[in-house]
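Asker: Sequence:
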Amino acid sequence: MANKSFNHRAALIAGVTGGVISGLVKLGWENILPPRTAARDQTNPPQQLLQQIGVPESVTHATYTYSGHELPITSYMMHFGFSTTFAVAYSLWARKHPKAKAGSSALFGLGIFGAFHHTILPALGTIPRAKDQPAEEHISEAIGHVLWMWTADWVSATVYQRLTAKQKSTK
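To convert, take the position in the sequence shown, counting from 1, and add 44; that gives my numbering.
Check each hint, because a few of them may be wrong.
The calculated lysine-lysine pairs, modelled on DSS-like cross-linking and capped at a C-alpha distance of 27 Å, are [what the hints assert, rightly or not]:
1. Lys145 to Lys210
2. Lys145 to Lys48
3. Lys140 to Lys210
4. Lys143 to Lys48
5. Lys210 to Lys48
6. Lys48 to Lys140
Calculated from the structure, these hints are not laboratory results.
Full structure from sequences and hints, please.
Answerer: Next up, the structure:
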């Protein structure tokens with residue numbers, strides 16, 4: 045049953061917050077279990093996708109320097125854009141359809157992983173077909189997507205609850 049009486053603004057803010065923080069969690073996870081070989085990371089999937097639509101390599105490989113490290117600004121923008129977009133979508137969807145939260149959002153994270161890493165990106169030629177990817181990539185990405193969505197869900201639920209606590213107490 046759909047919930048029509050939820051605070052859309054609070055759900056949006058909660059989703060953005062959850063998306064940014066869960067994006068940091070996924071980056072941390074990828075430092076522990078890198079999803080790709082070093083050779084495939086020279087042009088990572090977000091960079092490759094942008095290049096496929098005509099964005100020049102000078103932009104896709106743009107960096108900024110912090111504390112002596114060259115960091116991939118375009119990759120980070122894509123990473124956090126993806127994370128935030130899907131966290132906001134989940135935040136809005138799960139509040140409208142509370143049964144969608146089954147599996148503590150793990151199923152949603154695995155669904156996003158499957159859709160993008162097994163279907164959409166291989167079909168676009170951005171990454172190899174799923175059967176041609178190493179098992180380490182599947183393991184890292186599957187677990188990473190579960191941790192990413194668990195974090196997005198937990199953070200957005202806490203933020204939403206805090207933003208709407210006064211609203212609930214005045215009813």
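Asker: Which of the numbered hints above does this structure break?
Answerer: Every hint satisfied by this model.
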